[in-house]
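Enquirer: The residues making up each chain are set out below.
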Amino acid sequence: MPRLKRVLIANRGEIAVRVIRTLRELDIVSIAIFSEPDRAALHVLLADEAYPIGPGPSSESYLNLERVIETARRVRADAVHPGYGFFAESETFVRACAAEGITFIGPRPETIAALGDKLAARAAALRAGVPVIPGSDGPVATLDEARAVANTIGYPLMLKAAAGGGGKGMRIVGSEKELTAAWELTRGEARAAFGDDRVYIERAIMRPRHVEAQIIAGADGHVHFLGERECSVQRRHQKLLEETPSPAFDAKTRAAFGEAACRVAREVGYLNAGTVEFILDEQNRFYFLEVNTRLQVEHPVTEMVTGLDLVAEQMRVAEGEPLSFGETPPEPRGWAMEARIIAEDPSTNFIPSAGRIDRVRFPQGPGVRNDAGVYRGYEIPVYYDSLLAKLVVWGQDREQARRRMARALSEYVLEGIRQNIAFHRWLVGHPAFAAGDLSTRFLEEHFTPAALEPDRDDTRVAILAAALHAREERLQIVVPEWSPERARSRWKWSDRRRGSAKSARR
Amino acid sequence: MKLWVTLEGREAEVEFRTEGGQLWLEMEGERLQADFTRLPDGEVFSLLVEGRSHEVRVSPGNGRLDVTLNGMSFPVEVRHPLEKALQRVRHDQAASGEETILAPMPGLVVALRVKTGERVEAGQAIVVVEAMKMQNELTCRAGGVVEDVLVAERASVASGQALVRILAEAP
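Here the protein sequences line up with chains A and G, keeping their order. Following my numbering, the numbering of the first sequence begins with 1 at its first residue and continues without gaps. Following my numbering, the numbering of the second sequence begins with 507 at its first residue and continues without gaps.
In case anyone wonders, no lab produced these hints; they're calculated from the structure. Careful, some of the hints might be misleading.
Going by beta-carbon spacing under 7 Å, a handful of chain A positions derived as facing chain G [what the hints assert, rightly or not]:
1) V132
2) D458
3) H469
Restraint-style ranges between C-beta atoms, simulated for each label pair [what the hints assert, rightly or not]:
4) A:P330 with G:G548: 51 to 61 Å
5) A:L26 with G:P581: 48 to 58 Å
6) G:G666 with A:R356: 36 to 46 Å
7) A:A432 with G:G569: 36 to 46 Å
8) G:E514 with A:E176: 32 to 42 Å
9) A:S59 with G:A668: 53 to 63 Å
10) A:Q396 with G:L554: 17 to 27 Å
11) A:R356 with G:E624: 56 to 66 Å
12) A:R403 with G:P587: 11 to 21 Å
13) A:P449 with G:G629: 24 to 34 Å
14) A:E411 with G:P581: 17 to 27 Å
15) A:R266 with G:P546: 31 to 41 Å
16) G:E514 with A:K5: 32 to 42 Å
17) G:E514 with A:L26: 44 to 54 Å
Here are the simulated EDC-like cross-link-like pairs (lysine to aspartate or glutamate), alpha carbons at most 16 Å apart as the crow flies [as the list claims (entries may be wrong)]:
18) A:K118 with A:D137
19) A:K118 with A:E321
20) G:K508 with A:E472
21) A:K5 with A:E321
22) G:K508 with A:E321
23) A:K177 with A:D144
Everything numeric in this text was worked out from a predicted model, so none of it was measured. Think of the CB as a built atom: it goes at the ideal place given N, C-alpha and C, for glycine as much as any other residue.
Model the full assembly from the supplied sequences, consistent with the hints where possible.
Expert: Here you go:
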């Protein structure tokens, strides 16, 4: 396979920027695509070349398959990196690339298709001897059958609509008494919501942890485990903060976990980087959930502890080259955490916020990495994901990483839009987080918007600042005589005049 | 110099004094040494209170200031002692059947929001007066009918000058 020379990134935002950086380090021409509102986006500025692909809505630009493929062909890209989201897990897109002789940097299309079907993925895990959450093997037809399944797996259990997902169409059942009523309700809801009343049963895990395995399968077919990531801190099934290693794992669990993830990948003939997701129960037993056939948002924490560049490794696999580390992946060193900086308001039910970044200063210093897609003056388009940046830190151990994260968050300035930096500061300072006592219910158990309310010291500082500001403005109006000091700072005057003209127009 | 500052219900009186080249603030019985310096960013200031370092952003907004601190944004109102006194006067008037909207400070009438004979509700904006680079929207305390508009737009007004008279409706 020839060396790749021109790679088109079929994505935007921080992940496009992330991929461009590696391409530039590898002396590969990086080609960005952009929608109309993304003309001034950071990925366009940093790429070697950039081409327009249509209007703002994703369906007319980044998800316009014909347009993206046509652009890749026209600009003579010899490969496409999909990032995450958009076409990253689209079998159709991968096949369209192949039809044009363009290399897709990722798994084979048949693997993507097979793992996209959750029941097929679960079947693959079972064939590979990897535990799945105990439950009915497929839909349950009658209440009697449901009772029988319930008796073998025990209570509490979960009734799940076969067509459901994202937290919808699920009901927890605590005892056999509750089962009869819950059975009819769940089926009725499933019929109403999805037009499909098939329901299956799983053991309910009340305080699950979400832990995933980073794997990479080389061109030679060898699958390697690059460590786990714990992503339990979530809201509405979206991850907020990830770390590696998992505080729940000991060496023995980790070895068994990595081996299980690799068995699933081998079972489906996996190629390139991927993530095998698992659920951990309260006894730290792991159960297969699904495979994400792409680079994950949270891949930087794995890079921080392994020293690997996962995008560079993906390029090697796509070129048919051996992985950089040969047979044995590097031993992970230390601890890494990633905080997702999102344009949303944690104090108002995490509603997204659009607007202009009018001030930004990224944290710096030892062990800090910023993967950001924004800069000062950048207007956040309303069409796309609200993830603005990722703050990643490394420490020798979890406590150092946690303190470093808290320190970096306190340095972070990002103004003009609502964002969740204060939320992350609360999170990493919480005793349960510090103790590593995590579950996907962390926010339900610990978070209320009141946690982010300012204390009296904050309001006192704000009051003093406002008073000092008002005093400064008034003093300068009352005493307009010329003085050398005033002449030096004439810009203040023009600045204020501009400000007042603006407010008069309003 | 003294200012009244209101932040989400917390009302404080801040008094300034310069002594030996140092700035002192008095607030809620505390006497604090402060230093306030504008950063090259324009709207951002370094505030030192008794040596404690704070980075704050103060953005003039719609008749108030928005203060950003540690990623939190606070709407803050700053008023002169005179404004405060006048507000009290207006309060008293509200009960008497007639309400007069007064200029809280010397300034310029930027906008008149009502006409003579117009029916107004309690809290409705009546007139906007700009002073000291701040726009102040003056509202009526009680509803009624606009009896008289005593000034025109763009007129300069003195502190305490009557702007609009409102007659309360018979209950």
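Enquirer: Compare the structure with each hint and give your call.
Expert: Comparing the hints with the structure gives:
Interface restraint check: A:V132 against chain G, minimum CB-CB distance 42 Å, threshold 7 Å, status violated. Satisfaction of the interface hint for A:D458 is found here, the shortest Cβ-Cβ separation to chain G being roughly 6 Å, below the 7 Å cut-off. With 7 Å as the threshold, the beta carbon of A:H469 comes within range of chain G, its nearest partner Cβ sitting at about 4 Å, so the hint holds. Separation of A:P330 from G:G548 is about 47 Å and departs from the stated range, judged on CB atoms against 51 to 61 Å.
The hint said 48 to 58 Å for the Cβ distance between A:L26 and G:P581, and at roughly 50 Å that hint holds. For G:G666 and A:R356, the Cβ-Cβ distance of about 40 Å falls inside the hinted range of 36 to 46 Å, so the restraint holds. In this structure the supplied range 36 to 46 Å holds for A:A432 paired with G:G569, their Cβ-Cβ distance being about 43 Å. Here the CB-CB span from G:E514 to A:E176 is close to 52 Å, at odds with the stated 32 to 42 Å.
In this structure the supplied range 53 to 63 Å holds for A:S59 paired with G:A668, their Cβ-Cβ distance being about 60 Å. Checked against the hint of 17 to 27 Å, the pair A:Q396 and G:L554 fails, with Cβ atoms roughly 34 Å apart. Between A:R356 and G:E624 the beta carbons are some 38 Å apart, a value that contradicts the proposed interval 56 to 66 Å. A hinted range of 11 to 21 Å is violated for the C-beta pair A:R403 and G:P587, which are about 46 Å apart.
The beta-carbon spacing between A:P449 and G:G629, approximately 28 Å, falls within the hinted interval of 24 to 34 Å. With their beta carbons about 25 Å apart, A:E411 and G:P581 fall inside the hinted range of 17 to 27 Å. For A:R266 and G:P546, the Cβ-Cβ distance of about 58 Å falls outside the hinted range of 31 to 41 Å, so the restraint is violated. Separation of G:E514 from A:K5 is about 59 Å and departs from the stated range, judged on CB atoms against 32 to 42 Å.
Checked against the hint of 44 to 54 Å, the pair G:E514 and A:L26 passes, with Cβ atoms roughly 53 Å apart. For the hint pairing A:K118 with A:D137, the CA-to-CA distance comes to about 12 Å; that is within 16 Å, so the pair holds. With a CA separation close to 31 Å, the supplied pair A:K118 and A:E321 exceeds the 16 Å bound. Our distance criterion of 16 Å between C-alpha atoms is met by G:K508 and A:E472, whose separation comes to about 13 Å.
Distance hint between A:K5 and A:E321 is fulfilled; the C-alpha atoms sit about 14 Å from each other, no more than 16 Å. Simply put, G:K508 and A:E321 have alpha-carbon atoms about 73 Å apart, too far for the 16 Å limit, and the pair is violated. Taking the CA atoms of A:K177 and A:D144, the gap is about 13 Å. The hint holds against a cut of 16 Å.
In summary, the numbered hints that this structure violates are 1, 4, 8, 10, 11, 12, 15, 16, 19, 22.
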